[in-house]
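Peer 1: As they're listed, the protein sequences go chains A and B. Counting in the working numbering, the first sequence runs from 1 upward without gaps. Counting in the working numbering, the second sequence runs from 1 upward without gaps.
Each hint should be verified, as a subset may be incorrect.
As the list claims (entries may be wrong) - In the BS3-like style, the derived pairs of lysine-lysine whose C-alpha atoms are separated by at most 25 Å in a straight line are:
#	chain 1	residue 1	chain 2	residue 2
1	B	K360	A	K274
2	B	K421	A	K237
3	A	K327	A	K237
Worth flagging that the hints you see were computed from the coordinates, not collected in a lab.
These are the residues of each chain, in order.
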Amino acid sequence: MRKLLKQPGRLMGVLLLGMACALPWTQSQAAHDIRGITPQADGSFNLYAFPFNMNLPEGTSLYMWGFGDMNGGTGATHPEGVGYNLPQYPAPTLIVTENQDVTINMTNYGVPNPVSIVITGHQVTATGGSPGLVTNSSENGQMVSYSFTAGSPGTYVYHSLDGSNPGLHAEMGLQGVMVVRPADYDAVTNRTAYGAGTGTDYEQENLYLMTEIDPDLHLQMEKGHFAHFTNKDRYAKVWFINGRVFPDLFQGDYNTLFPNQPYESLVMAHPGDKVLVRNVNAGQDSHPMHYHGENLRLIGRDGKMLSSDGNTSDLGRSDNTLNSAPKQSIDALWTWTGKDLNWDIYGHDTAHVCIDNDGDGFGDEAFGSTFEHEYCPDHGKVLADLVSLPGVADLTLGGWWSGSPFLGDTGDLPPGEGGLNPFGGYFLVWHSHAEKELTTFDIFPGGSLGAVVVLPPAIAIQ
Amino acid sequence: MKIFTKKALSGAIAIALLGMMGSAGAVVNVQCKGDTDGDAVIDSPDPDHPNAKCMSLIAGDSFAVMSDTNPLYIFGFGDQTGTLPENLIAEGILDAEWSGPTIELDQGDEFWLNLTNVGTVIRPDLFDPHTVHFHGFPNAATVFDGVPEVSVSINMGATLTYYYNIVEPGTYIYHCHVEATEHMEMGMLANLYVHPAQDALGYDVDGSGAIDATELAATQATRKGGAAINPEGYVYNDGDGTTGFDMEKALQFGSFDSDFHDASLFVQPLPFALMEGNYPQINGRGYPDTINQAPLPAPVDDASGKVTGNPGELLNNGTPTQLIDSAITIDRAVEGNRLLLRLSNVGLDRFWTLTAPGLKMQVVGTGARHMRGQDGKNIYRTTASVNFGGGETHDVIIDTTDVAAGTYFLHATELHQMSNKTQFDGGMITEIVVN
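Please build the complete structure, drawing on both the sequences and the hints.
Peer 2: Written as structure tokens, this is what we have:
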């Protein structure tokens, strides 16, 4: 930040390059929630199904089937979602409360196949439409109502499953996530995954929804060649997080560059923040999602807290790579502190103090510490005494490299290098470790290559 | 026909680098506390860093031979610890190993990992930088996380030194993260694991809050000077001995797609979307090479002369590259009964399920963490199989106490993975001999 503040022109320039949507200017609440929609006052969602085309960064366009919000975002959780009414990939994230009576009214306005909705872990009563193999489905113009009582807090998948070829529907885009919040949840005072006292409180909440697509299949559907697709021929070539691929997935929620892909997946956190990750696979193939920076503690699976007594999340193991099977969900907590690196992450020559008032080893800003949650035993330790970095001529520099090893610092970079990390955050990639999936239709880098950025405490998170 | 000689090549590369970078670039600079001559071997220990450990790795290329004699072009890491800096590039050229050199550390170590990029001489058109990503490292800082898009990577002819303060025991992986799909498919993958402090310290048996001399004598691991009857080591700081083992073996499961490697060798577009491993391997070999305890001989060209046009020609200047076996023999009367397998998966395009018919596995750790719940209870899982995807690691203990002596097979339950391309009875199989 020191160097940054001296360079307002450069800062403006890099922000205009595309990070403006991802990093906020104004101080708002220092917390992120999953974007989605909540039910109308009567407990209903009103969705429609419609075909659309979606652009990929390497220039192709995919024909999709999607769900959209017929209420135009009147129940949006965040202001930027108000007025949003397009069919989308993934489907709108439905946010409900445990034991809430919910009805999803779904009308098919143009998908050339009967569309339906099933929800993992829920018994759903369907009325209207045409009876199908597993539930009632909506032929063109029909409305079906799916009623259920929201189950235990957690993360669920909903998707279409019917018609002459059920394997088509999720693949074509008719799938999304439903989040069930605990009854005592409060967005400000009780941010927990499973309720107060369960040990699942968090500061940041993010969705990591994996899907994959076989473009050939979408081309066949666009041409109306419904009989040309056989399930055994499906061969995925594009891999998504929250419905976008790298680098689109960093570009901000509801960014108009991606009219049918409203959800980004760049996670932001401060040192010490508990980040709740709702890791969901709505695709057809398994994915090993790898989280750089620190392990996650698993707290729930498929909408059930991992608990021996039902009271606290005591049974979760820890891992850095989540074995994510199709239609399964894992809720997990991730926290990065910089503890025990054995060098001062803010740089020894930065004027700062570390004051640990409560004895947990971490600095407390309220008691005079310069940086909230700095690890005090590493304070003042000089990185250059341990190791020196090669000169820039010997290095290849990443676009998100700030030019400095220190948090909140930026270094001098050659012209044209860096520039995507103006706040000197620590970018740590979160990606599929089936590395083939870091490609978009044969192009690397692409696919499911997301990231978290650990921001210095002074930078607000929206 | 000799197509390459090391000395001439290193000279050519040095000249090329000077031409490319000007006089400012390309510095081989090995850093290691207590090392005076730059070979990453500690000569006079630094009192400020008593637990310093160092390694000098090269990143480059070479060949590896699949178990059906098909030679594949690879990128990889090679261990050049002990080589002086002025010789590092000459020695490192064409010396990439498959799998990469195993890194074994102790909790409490400070680790200086030097990575020198010696270039890819078989592909002189490439100028790829490289990195080390210490997969699973806790509280990683971007600068040493090795992800080139968000950090720095090292150019040809120069060294990047990674500093790691080692505080968490467990089974990790390390690999290059540059153009990750390509460099990992090409072979820049290796075992990495960390032993716990409990090995040396023992543990508190009676819950008194301290480890007395009796407890130390009864629990200190053999590998740290404890009695022979004690466990060889522990996987984690368990405090109860339940992760104790008598023998350990790190097994890394991966697969090569020969079409991808041949495309790279012959300078063709790389088939990312069609990538599909057809040489499943353990520690860089398919069965039956997995149970050959010796380094495999230096690679030679196949009967068709695919690489050089000369069938049977020696590749790599005769340097062996496949050094790590997966053979396991446990002599229970000598070692004890408990076998630890450090399973890691570096598959790029699919999951695998492993089983060892006749043996039970107890999973005691995942992702370099002890399987213990928040309330302190162990949540180990006893199973006959482990299903995992790329990037996952599992610490599995096989207790052979009630097992009949004999040879047991550890293999992928996806049985078509038990092949070397079209050759049956190969691929992802190794043997556990219980005596």
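Peer 1: Each hint should be assessed against the structure and marked as holding or not.
Peer 2: Do the hints match the structure? See the list:
Among the hinted pairs, B:K360 with A:K274 is inconsistent with the structure: their alpha-carbon atoms are about 37 Å apart, more than 25 Å. In summary, the hint linking B:K421 to A:K237 is supported, as the alpha carbons are separated by about 23 Å, within the 25 Å threshold. Only pairs whose Cα atoms come within 25 Å are accepted, and A:K327 paired with A:K237 is accepted, the gap being roughly 19 Å.
Hint 1 from the earlier list is the only one contradicted by this structure; the remaining hints agree with it.
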